[in-house]
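Novice: Listed below are the residues making up each chain.
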Amino acid sequence: MGLAPTPVAPTQYSARAGGRTAARRGRGPESPRWGTALLFLAPAALLLLVFLVYPAIYTVLLSFNRGRNGVFEQWIGLDNYTRLFSDPDFINLSTFPPSGALWNNVLWVVFYVSIVIFLGLIIAVVAARVRYESIVKAIVFIPMAIAATALAVIWKFIYSPDTNIGLLNAILGSLGVAPVSWLGDPGIVNFALIAVGIWGSVGFATVILSAAVKSIPAEVIESARVEGATERQIFFRMILPMVSLPMSVLAVTLVVNVIKLFDLIYVMTRGGPGKASQVIAFTMFQQAFEAGQYGYGSAVAVVMLVLLVPIMIFNVRRFRTSSVT
Amino acid sequence: MRSTRSLAAIAFIASIVITACGGSGTPTPVGTAAAGSTITVMSLWGGSEQASFQKVLDAFKTKSGVIANYESIRDNYSTILQTRISGGNPPDVAIIPGIGFLRQFARQGSLKKVADLGIDVNALKSNYPPGILEIGQVDGTQYAIMVKFNSKSTMWFRPDKFKTLGVSAPTDFAGFTKLLGDIKAKGTAPMGLGAADSWTLTDWFENIYAKQAGPEKYDQLFSGKLPWTDATVAAAVDTMKSAIKDDYVAGGITAALGRSFTDAIGQTFAANGTAVLYYEGGFVGGIATGQTNTALKVGETIDWFDFPAVGSGKTVTIGGDVIAAFTNKPGVKEFLAYMTSADSGSVWAGTGAVISPVKAVPASAYPNDLAKREAAQVANASAVRFDGSDLLPSGGGDNLGAALQNAIQGKTVDWAAFETAMQAKWKAEK
Amino acid sequence: MSILAGGVVQGRMTPAGRVVAALNRTVIHVALALIGLIWLVPTLGLLVTSFRPRSDIQSTGWWDISNLHLTVDNYRQVLEAQGMLQAFANTVFIAVPSTLLPLGICALAAYAFSWMRFPFRDTLFLIVVGLLMVPVQVAFIPLLTAFRELVPGLELTRGYGAVWLAHTAFALPFGIFLLRNFFITLPPDMIEAARIDGASDVWIFRKIVVPVSVPAIAAYGIFQFLWVWNDLLMALIFVQDSSKFPMTRAIQNLLSQYGTEWHLLAAGAFLLMIVPLIVFFSLQRYFVQGLLAGSIK
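Chains as they are written, first to last, in this note's numbering: chain A, 357 to 681; chain B, 19 to 448; chain C, 564 to 860.
Only chain A is shown next, with the shape it has when bound in the complex:
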């Protein structure tokens, strides 16, 4: 690790609570003063205020307005929201199963998050038993480096209905099955897209869960083995609970990914066929930048923000309890 001017004990990358209490000492002049701190904080503060805080407040206010051209022109109260929640393209609870962009996000949360964590854990555990573990993890991780736009091209290629081009339909064809329109059938398209999302994110889960599992003290597990516990018991009663915290952090990160999901949908299906694969980030984009409905689009953005607030609170709480500041 780098060249330290004064060699000291090796620092750990992820801090533990004990280290932080020690680090608490000497973290600055005795009495808190603004002084040079302003110099260090000013650029960040300026950018954050101008590009994050001000726009967020503006958007919230604009969502109660007609917002033509993005300016405040006519207060309409909750009209945008009532319109949004009665729009069947956004959420349609009258049919079974429900449909709409918000529902599609729910589908993603349920299937994408759970399967990514499940596969990530399995791969992490199984790969740890072989010598070529790092190769396996690297292979699974590669899609994380690939842009969602390129992922879309790769998978549109695989899903192509032409059996000379699309691998999946070619395989089906060799088994005597008719080609499936993976992206053209409204009943399948969301799951086809979720599969792509899973493919892209399992590597992330594997790396995190692998590190988490390996951080479990080996002696504890060994002693359980010596006492005759089966692999299954060890996995379910010991490993799982001990990785539950990193797993929940991972789950939260994945849920945030789902709420912000845009690129993949935009490039692969543009929300289609029809509106079957739309997600809320796409709805926001379309309403604001295609239909010119800036107030309405702002309302969708606020819905996204509201959905993320519980996660915001979770993060802040987790940070406060895990750090002794």
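It is possible that some hints are incorrect.
To be verified - Where chain A lies over chain B, by a calculated footprint (3+ residues, C-beta under 8 Å): (1) 64 to 76; (2) 88 to 98; (3) 413 to 423.
As the list claims (entries may be wrong) - Computed list of chain A residues with no C-beta within reach of chain C, every gap over 10 Å: (4) Phe420; (5) Gln430; (6) Asp435; (7) Arg439; (8) Ser442; (9) Thr451; (10) Phe452; (11) Pro454; (12) Val466; (13) Phe467; (14) Ile471; (15) Leu531; (16) Val533; (17) Val536; (18) Phe592.
None of these hints come from the bench; they were simulated from the model.
Quick caveat, the model's predicted, so the values are computed rather than measured.
Beta carbons are placed, not taken as given, at the ideal position from N, Cα and C, and that holds for glycine.
Dock chains B and C against chain A, hints included.
Specialist: Relative to chain A, chains B and C alone:
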């Protein structure tokens, strides 16, 4: 916004002065005033259509000295335009097919009124057949002018294969479905279809509806005054389904849902094409002969007949593009004026890519028989209607396309829900 | 011994147990091979396709190895005729400032949050943690409106100004969070000693904290660089001049315009992927560290 309005006011007053000094009310390209300036023009065309339009731009430069730079938006033109408008750098001029979007941009205040540019709108009336100028009006004000159109009542076919199969063009829809059945019985699935581009399905629907329900109901339906739950809508969809059947579509309907319209043209007109019929607008000719299969011979291996009448209804549907100005930079007014002239119309018509709405463009300007007949079909039609899905508010055309995609698969369409969603869109537009 | 190795307890295993263990190992190898295939084949397929001539692609599948005629023509076409070379340059032009700016600004702020004391420091940091969750969607409309109405002269959306600033601003919460968490793990004695010697915070930052933190800063830098390189949404909104489109937009246009011209799409996609893949393979360690640091505490 305020500063641009005062600029517009000054431009308006200046233009009145210039026009007063110039004398006649007929807009003529002012050759010298704006020479040397550059304007940006955006539209959807690429490939051969773009090359044809470039000829018009070159002729404009020769005439006026203004350089018009073309930028093609091949994807999602409404989003690109709206994003650039909100970012403060729209193109100077755009030529778009969507009247719904025209309304959106106009009501936002993003467009310059044609009159504010210094063009005498009243004088324009004599340039066009009745009804054309109205298409470019929003709330009674002229914001855009139609510059080109194609008939959407052209049923393209292969005359050589018709001869081999021993069949001939039908005159009405009953005859048409019989024709499809006959061809199928002889072993060929007759029609190409590119249902992934759902707007092709909306064109089918509009053509049938305009003929079956009549032009008055058509106007009401596509202006939000007639609900989509009206029986005429379901009836038109049934008629459509009697022709778009799994047996009659080459490759079947499921495959068609994954096929683009250019590939569907290939189903009929490529060298190894198996289908014998393809329905889409007059522009198919240019694409087929220019891109799909350059060996095609008009009259022998490619031709069109009138979209079959439904009952006694013969209304012709057209799809067109209108030109609108976002700024009033020097050169914009000149360009708009040029695009309303017979000069530009003749140049463009001469490429064979479009039909010009300008009355003064003679039939001789069209290079081939296909285009001449197309112009004549529209000129002689008992009634002409503009592409319905382009008249709907933003997103409405997509909704209609999706509903029709469901219909051709045999799924039931919930027209009540469709109507509710559409009404919400009409309301949001105001 | 890895906690996951299991199964062999002090060499005591029956012959049956050994067979079961061997079978288990085969199953594991097969399963991992399958996983490797699933995660490699799609990308591989597109790579092979990018080197096949158009006629080949249309007539046979890329898995048909007997029909292997390789060509670089697709790449040439996509770089020249389709403008991907310009798009590549644009991507670099967008990504570099959007990485360097946040790096500098985050390091400064993170140092302040770690080793300086000022009023409301901890509350302000909690706000930064909270801002992590703000989606970029809430910023589009106000920012575009502001660019248009308040500072039209700057023409931010006509060039790269808008997208640089937007990327930088939205990178700040994560960057400050990450770097601050790293900075506070530095030994306090090191810093205290410098303070006692009369060093200013600026000096401590420049001469002590930054040099020691190069791996963490590098990890964050790589993370941010790849994030911007691969971004589409910000480019859709803030890069409005079509000659300045990055590769993500160029490929997206290519896909919607030439949806079945796989010879172009495959080559284009790989041009987009090549730099992140190289960065990933050569700097894997840093990349992974960055991820772990942000997720596990």
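Novice: Does the claim that valine 536 (chain A) lies off the interface hold, with its Cβ farther than 10 Å from every Cβ of chain C?
Specialist: holds (16 Å)
Novice: With 10 Å as the threshold, tell me whether aspartate 435 (chain A) passes as away from chain C on beta-carbon distances.
Specialist: holds (17 Å)
Novice: Against chain A, does the segment 413 to 423 of chain B show at least 3 residues with beta-carbon separation below 8 Å?
Specialist: holds (count 7)
Novice: Was isoleucine 471 (chain A) rightly flagged as not at the interface, with every chain C Cβ beyond 10 Å?
Specialist: Correct as stated: the minimum Cβ-Cβ distance to chain C is 13 Å, above 10 Å.
Novice: Quick check: do three or more residues in the segment 88 to 98 of chain B have a beta carbon closer than 8 Å to a beta carbon of chain A?
Specialist: This one holds; 3 residues, not fewer than the three required, reach chain A with a Cβ under 8 Å.
Novice: Would you check whether the claim that valine 466 (chain A) is not at the interface survives, using Cβ distances to chain C and the 10 Å cut-off?
Specialist: holds (20 Å)
Novice: Confirm or reject the statement that phenylalanine 452 (chain A) sits farther than 10 Å, beta carbon to beta carbon, from all of chain C.
Specialist: holds (30 Å)
Novice: Quick check for students: does the CB of proline 454 (chain A) sit more than 10 Å from each CB in chain C?
Specialist: holds (23 Å)
Novice: Checking a non-interface call: every C-beta of chain C should be farther than 10 Å from the C-beta of phenylalanine 420 (chain A). Is that right?
Specialist: The claim stands: phenylalanine 420 (chain A) keeps its Cβ more than 10 Å from every Cβ of chain C (closest is about 14 Å).
Novice: Using Cβ atoms and 10 Å as the threshold, tell me whether leucine 531 (chain A) really stays out of contact range of chain C.
Specialist: holds (15 Å)
Novice: Is the claim that arginine 439 (chain A) lies outside the interface with chain C correct, judged by CB distances over 10 Å?
Specialist: holds (17 Å)
Novice: Can we confirm that no CB of chain C comes within 10 Å of the CB of glutamine 430 (chain A)?
Specialist: holds (16 Å)
Hint violations for this structure: number 1 only, all remaining hints satisfied.
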